[in-house]
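Can you make the complete structure from the sequences, with help from the hints?
As numbered in the working numbering, residues -14 to 74 make up the sequence shown, in order.
If you are wondering where the hints come from, they were derived from the structure by calculation, not from laboratory data. Quantities reported herein were computed from a predicted structural model and do not represent experimental measurements.
Straight-line Cα separation of at most 16 Å, EDC-like style, residue types lysine to aspartate or glutamate; simulated pairs: (1) K12 to D30; (2) K20 to D(-6); (3) K12 to E1; (4) K12 to D32.
Simulated restraints on C-beta separations: (5) P(-3) to G19: 18 to 26 Å; (6) A(-12) to G51: 35 to 43 Å; (7) E11 to W35: 18 to 26 Å; (8) M28 to R52: 17 to 25 Å; (9) G51 to T16: 32 to 40 Å; (10) P48 to R17: 40 to 48 Å.
Think of the CB as a built atom: it goes at the ideal place given N, C-alpha and C, for glycine as much as any other residue.
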Amino acid sequence: MIARIQVTDVRPRLTELLDRVENGSEKLLLTRYGKPVAALVSMADFDRVWEAEEEELYGPRDPETGRRPGPLLRISSALEGRGWNWWRR
-14 MIARIQVTDV
-4 RPRLTELLDR
6 VENGSEKLLL
16 TRYGKPVAAL
26 VSMADFDRVW
36 EAEEEELYGP
46 RDPETGRRPG
56 PLLRISSALE
66 GRGWNWWRR
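Shown next, in the form of structure tokens:
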């Protein structure tokens, strides 16, 4: 469940809000003047977002090594797909 809370209401209730999201049962959308500006989520939810972003930037992990190919390999592949072969002179 996602609940909305004004940024000005966060400081006096921070401990309570952290308790609400810590177990992952609730997510909080922090708003300023009615517009979303941030989110308060559990570490498990944050880790999932972080992992998805890492995979998007650097590619999937190698099942054997657990490592990602890294940005240079991804850039080279992207450039090759666009006809750029600057490293093969």
